[in-house]
Amino acid sequence: AQSVTQPDIHITVSEGASLELRCNYSYGATPYLFWYVQSPGQGLQLLLKYFSGDTLVQGIKGFEAEFKRSQSSFNLRKPSVHWSDAAEYFCAVGAGTGGFKTIFGAGTRLFVKA
Amino acid sequence: DAGVIQSPRHEVTEMGQEVTLRCKPISGHNSLFWYRQTMMRGLELLIYFNNNVPIDDSGMPEDRFSAKMPNASFSTLKIQPSEPRDSAVYFCASSLELGNTGELFFGEGSRLTVL
Chain A
15 AQSVTQPDIH
25 ITVSEGASLE
35 LRCNYSYGAT
45 PYLFWYVQSP
55 GQGLQLLLKY
65 FSGDTLVQGI
75 KGFEAEFKRS
85 QSSFNLRKPS
95 VHWSDAAEYF
105 CAVGAGTGGF
115 KTIFGAGTRL
125 FVKA
Chain B
983 DAGVIQSPRH
993 EVTEMGQEVT
1003 LRCKPISGHN
1013 SLFWYRQTMM
1023 RGLELLIYFN
1033 NNVPIDDSGM
1043 PEDRFSAKMP
1053 NASFSTLKIQ
1063 PSEPRDSAVY
1073 FCASSLELGN
1083 TGELFFGEGS
1093 RLTVL
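Heads up: the sequence lines are chains A and B, in that order.
15 is the number of the first residue of the first sequence in our numbering; add one for each residue after it.
983 is the number of the first residue of the second sequence in our numbering; add one for each residue after it.
A couple of the hints might just be wrong.
What the hints assert, rightly or not - Pairs of lysine to any residue, SDA-like flavour, derived with a Cα cap of 20 Å:
| hint | chain 1 | residue 1 | chain 2 | residue 2 |
| --- | --- | --- | --- | --- |
| 1 | A | Lys63 | B | Leu1078 |
| 2 | B | Lys1006 | A | Gln59 |
| 3 | B | Lys1006 | B | Val1035 |
| 4 | A | Lys63 | A | Gln20 |
| 5 | A | Lys75 | B | Phe1087 |
| 6 | A | Lys75 | B | Glu1085 |
| 7 | A | Lys63 | B | His1011 |
| 8 | A | Lys63 | B | Lys1006 |
| 9 | B | Lys1006 | A | Arg83 |
| 10 | B | Lys1060 | B | Asn1034 |
| 11 | B | Lys1006 | A | Gln56 |
Everything labelled a hint here was simulated from the structure, so no lab data went into it.
Working from the sequences, and respecting the hints, build out all of it.
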C-alpha cells in the first residue's frame, strides 16, 4: 500500500529565505505525486504534480519540486519565501484503478517570520 | 465555474444525533472523495466514488458512518448516531477520472462538533 512521510511537523523560515519541505513516499510502481497547500479554514489547493517526464516540476506561487526515484523523495522548494506562504503543506501520492485514490502525508506547517 | 460546494460549513450537535453532510462536486468530474481531518490523525480518506459507485470504503471508521452518491451532482456523508470523537473537519473533493490529471479539487469543508 502507498504511504507518505513528511518528517517535519513544522518549519519556521525568515521572509526572503529559501525553503525546502521534505517528503518521502512508499509505492511499488511509478507514483503520481502531488503537493497541496492549505490555508487556515480552507480546503486544499494543488501546488504542483508529477506523473512522468522531467523530474523537476514547476508549480504555482513560485514553488517547484524534484522527484528522486533513488531516494523515494519529492521535496518541495521555493527560493524566496513570502509571508503569505505561511500555511500547511501536504505531500500526497496517488494510485489505483477504477478511480484515483490519493493518500496524504501528515502535513508540514510553515511559519514565516519577518 | 463553481467549485466543490459543501454544506453545512459548521455543525454543532449533541451526542447521539444524526448528522448529514452534503457535497456537490464540480460538474463533469467522475470521482468524489470524502476525507476527514483531525489534529491527531491528519487527513484520512473515508470513501471514494467513481461514476457514482463506491470504489473503496475501507476508511469508513465504523457502521455509524455511511455515504451515498445518488447521482453525479450530489453526495452525502451520514453519521448516526454521532459521538464526540467524530468531531473533525470533513472535506469533500472531486476529480476527473484516472487518465486525466488526478488533481483533487476540495470544498471548504464542514466543521463538525459533537458535544
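Okay, the hints, checked on the actual structure:
Taken as a hint, the A:Lys63 and B:Leu1078 pair is honoured in the structure, with Cα atoms around 15 Å apart against an allowance of 20 Å. The suggested pairing of B:Lys1006 with A:Gln59 holds, with an alpha-carbon distance near 17 Å, which does not exceed 20 Å. At roughly 15 Å between alpha-carbon atoms, B:Lys1006 and B:Val1035 fall within 20 Å of each other, so this suggested pair holds. Restraint check for A:Lys63 and A:Gln20: the C-alpha separation of about 16 Å stays at or below 20 Å, so the hint holds.
Between A:Lys75 and B:Phe1087 the alpha-carbon distance is near 17 Å, which keeps this suggested pair within the 20 Å criterion. Between A:Lys75 and B:Glu1085, the direct Cα distance comes to roughly 17 Å. Compliance with the 20 Å bound is thereby established for this hinted pair. With a CA separation close to 18 Å, the supplied pair A:Lys63 and B:His1011 stays within the 20 Å bound. Pair hint A:Lys63 plus B:Lys1006 does not hold up; C-alpha atoms about 25 Å apart against a cutoff of 20 Å.
Taking the CA atoms of B:Lys1006 and A:Arg83, the gap is about 37 Å. The hint is violated against a cut of 20 Å. Using a Cα cut-off of 20 Å, the hinted pair B:Lys1060 and B:Asn1034 holds, with the two alpha carbons roughly 16 Å apart. With a CA separation close to 17 Å, the supplied pair B:Lys1006 and A:Gln56 stays within the 20 Å bound.
The structure fails hints 8 and 9 (numbered hints given earlier, in ascending order).
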